[in-house]
Structure formats: C-alpha cells, structure tokens
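Going down the list, the sequences are from chains E and H. Here the first sequence is numbered in this note's numbering, starting from 354 and rising by one per residue. Here the second sequence is numbered in this note's numbering, starting from 988 and rising by one per residue.
In case anyone wonders, no lab produced these hints; they're calculated from the structure. Please read all numbers here as calculations on a predicted model, not as lab measurements. Check each hint, because a few of them may be wrong.
As the list claims (entries may be wrong) - Here are a few chain E residues that face chain H, going by a calculated C-beta distance under 8 Å:
#1 His395
#2 Ala445
#3 Arg450
#4 Phe454
#5 Ser456
#6 Gly457
Claimed, not checked - Some residues of chain H that are not near chain E, with every Cβ distance over 10 Å (derived):
#7 Ala989
#8 Gly1003
#9 Glu1031
#10 Pro1057
#11 Gly1093
Idealized CB from N, CA, C, for every residue including glycine.
The residues making up each chain are set out below.
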Amino acid sequence: GQQVMQIPQYQHVQEGEDFTTYCNSSTTLSNIQWYKQRPGGHPVFLIQLVKSGEVKKQKRLTFQFGEAKKNSSLHITATQTTDVGTYFCAGASGSARQLTFGSGTQLTVLP
Amino acid sequence: DAGVIQSPRHEVTEMGQEVTLRCKPISGHDYLFWYRQTMMRGLELLIYFNNNVPIDDSGMPEDRFSAKMPNASFSTLKIQPSEPRDSAVYFCASSGTVLFGTQYFGPGTRLLVL
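Next up, chain H with everything else stripped away, as it sits in the complex (with noise of 0.2 Å):
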C-alpha cells in the first residue's frame, strides 16, 4: 500500500487566496484525520471523518476553514481566505475500524502564507 497521500507537498500562497489540501487515505480505513502542526502551538487534531462523515470538528479554528470527505478515497481542507498565520505543516492521517486506533499519517503539506 502507498500509505496515505497529501498534495500538495508545498504550497505558497498569498493572503486572502483560496487554498485546497488533498488526501487520499489507506484504502479500508474509516477514519480520516486532519492535524496542523506549528512550533507555538504543536500538533492540533483539526477534523476526522468516520465513514465521510464529519464527526467531530471542534478543533476547527475558524470558518475560513472547512473540510470534506465526498468519498471513502478522497478528503480535502480548504482555507479560504488564507491568512499568514495559517502558515503550518497540515497533515492527513488514517486508521482502521477503531476510534483513536493506530495512526498513518501522510506526508504533510507545508503551507506557507505570505
């Protein structure tokens, strides 16, 4: 398996211009996971996804952003407008049947805001 799968790798972008994320999780898994990571603040659980589902996105800082999951293969995290304190590594992650089981994470995307 090709693990999980994030593009852009690196993304550069001025303030107050949309930004679309993508991940492909492992195929089988029913969890899927958003977490942005940042030296002041770690790594913060933004979204998951049970199933496409939306279940908890409490992490979610402001309605700038917005998540989706249209399918069982494919999610993605929107900024729209981006601002430059959104500048981080975002990353996707998935797991099995269990809520909080073992964690894949992809490779992140590094978002810088300018």
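So here's chain E without its partners, still in its complex pose (with noise of 0.2 Å):
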C-alpha cells in the first residue's frame, strides 16, 4: 500500500532560525496537503498543494511539490514559539483513492 514517510521526527530549533520539514511517498500523489497539530489538539488544515512543481507561501511558511509529485517539504523561516505543535503531511493518491498521513515532526521553538 501507499506509504508517507515524513522527516525528520523531532525538531528543537531556537526562536528565529528556520525549520524543514520533508516528506516523501512510495507512489505518485494526485496531491498533498499540510497539517498542524498544536499539543492537546486537532489537526489542522495548513494548504494544499497540486501541480507538480508547486510553490505556495503563507507569510513564513513555504510549501513545496516536488516535480515527480513523490515528495514535498514544509519550510518556516525564523520560527516563533507560536509556531510549537506537530506538522503533519497526507498524500492522496487519487487512482487507490487513499489519503496517507506522515508520521509528523514535532517542532519545538525554544526562546
């Protein structure tokens, strides 16, 4: 079956320096979206992403689809502490009509 693997696991970054997040599936995506999961709570819909190749910004964070549709990576520059929680990748394949989470990377800012 359809297979996400997300790194890295944990993150510790100091307040201000950047943070990357990759993921990347065993099959071709139809298109992969972006979660966030703050401590004690739901995920959260971040993006979307579709064409191959696709660039998207949401002020800090940068979202990137790689050319092959496999993988993708979450950039923050110059983290805050509001940006602490578990981000989360999901893959959807559209032919075998599954949406596959990451496994997450748990990202600490610390002050």
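Hey, can you piece these two chains together into the complex? The hints should help.
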C-alpha cells in the first residue's frame, strides 16, 4: 500500500531559526496536504498542493511539491514560539483512493 | 458554523465494555472520516463515508469496530468489546464535495480503556 515517510520526527530550534520538514511518498500523489496539530489539539489544515513543482507561501511558511509529485516540504522562516506543534503531511492517491498521513514532525521552539 | 462536533470529549471505560463515539460533521459536507491517533501508529484513517454511504473501511482494525452514518448530520463509531489497546484519540473529520479535499477535524475523543 501507499506509504508516506516524513522526516525528521523531532526538531528543536531556537526562536528565529529556520525549520524544514520533508515528506516522501512511495507512489505518485494526486495532491498533498499539510496540517498542523498543536499539543493536545486536533489537526488543522494549512494548505493543499496539486501541481507538479508547485510552490505556495503563507507568510513565513513555504510549501513545495516535487516535480515527480512524490515528495514535498514545508519550510518555516524565522520560527516563533507560536509555531510549536506537530506538522503532518497527507498524501492523496487518486487512483488508489487513499489518503495517507506522514508520521509528523514535532517542532519545539526554544525562546 | 460550529465546525465538526464530537462527543464525548473524554471516555474512560473498562475492558469489555461497549464504547460509542459520536460525530456531527459540518453542514453541507459530503465526506466524513474517522481517524485514530496513537503515539505508536500515528494518524490512521479507519473509514470514510460519502453521502452517508461507507466507501472504504479497510482501515478498521477488526470486527470489534463498526461505524454508521444514519443521516447527513450524524455518525457513530462503536467498539464492542473494547480492549486496552484501543486507547487512543479518535478524530472525526469532514470535507466538502471533493474526496480528500480540505479536511476539517473535530476536537477528538480521548478514549482510555482500562
């Protein structure tokens, strides 16, 4: 079945440093979504990427979808304490009608 | 809109008991999803419905788990009998008219089976 690997599992950064998390799928994806989950909370949708090579920005967050539509990344510039949480990617495979979540990257921002 | 509503928010039960989790999706959404989240296995899709019809239940762990959606505004996930390994956070999510479009998650039900 479809597998989505996400690295790193944990990341500790000093406030102001940058942060990147990566997702790799075993199969070609129809789209990839990113979610953020605060400690004790529920996943909250951030963005969806559909096109090969697509890049989208939300303020300090930059999302990329690979040319082969099998990998994606989320980059946060100049992290803030409000960025703390776990970031998940979720890959959708149209042909297999599956949505598979990555294992998440837990981000800790030290003040 | 109130968003996706789940109840109860917390449930503590003893092994062997029946557990029923409830979900009210966002009005007008065609898709409803049930997820389970644990430290060991992460976020797992259990089952999803389209217009109240179960489409894919391949993620349901075993026959002890069942889910229903009797109407567009209500769904249940039932575990009978419950076991300690079922302890997890169970999320319900809904999305609009596109399969695997933006998903809106409920606050979750934290289940502890003793």
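Each hint tested on the structure:
1. Taking 8 Å as the C-beta contact cut-off toward chain H, the hint placing E:His395 at the interface holds, the least distance being around 4 Å.
2. Because the closest C-beta pair between E:Ala445 and chain H is about 4 Å apart, less than 8 Å, the hint holds.
3. Checking E:Arg450 against chain H by beta carbon gives a least distance of about 7 Å; that is within 8 Å, so the hint holds.
4. Look at E:Phe454: its Cβ gets to within about 4 Å of chain H, closer than 8 Å, so that hint holds up.
5. Nearest Cβ of chain H to the Cβ of E:Ser456: about 5 Å, under the 8 Å cut. The hint holds.
6. At its closest, the beta carbon of E:Gly457 sits 6 Å from a beta carbon of chain H; the interface hint therefore holds under the 8 Å criterion.
7. With a closest Cβ-Cβ approach of about 14 Å to chain E, H:Ala989 is found to remain outside the 10 Å limit, as its non-interface label requires.
8. For H:Gly1003, the shortest C-beta to C-beta distance to chain E comes to about 29 Å, beyond the 10 Å cut-off, and the non-interface label holds.
9. Its closest Cβ contact with chain E, about 8 Å, brings H:Glu1031 to no more than 10 Å, contrary to its assignment away from the interface.
10. Residue placement check: H:Pro1057 keeps its beta carbon more than 10 Å from all beta carbons of chain E (closest about 24 Å).
11. Under the 10 Å C-beta cut-off, the non-interface status given to H:Gly1093 relative to chain E is violated; the minimum distance is some 7 Å.
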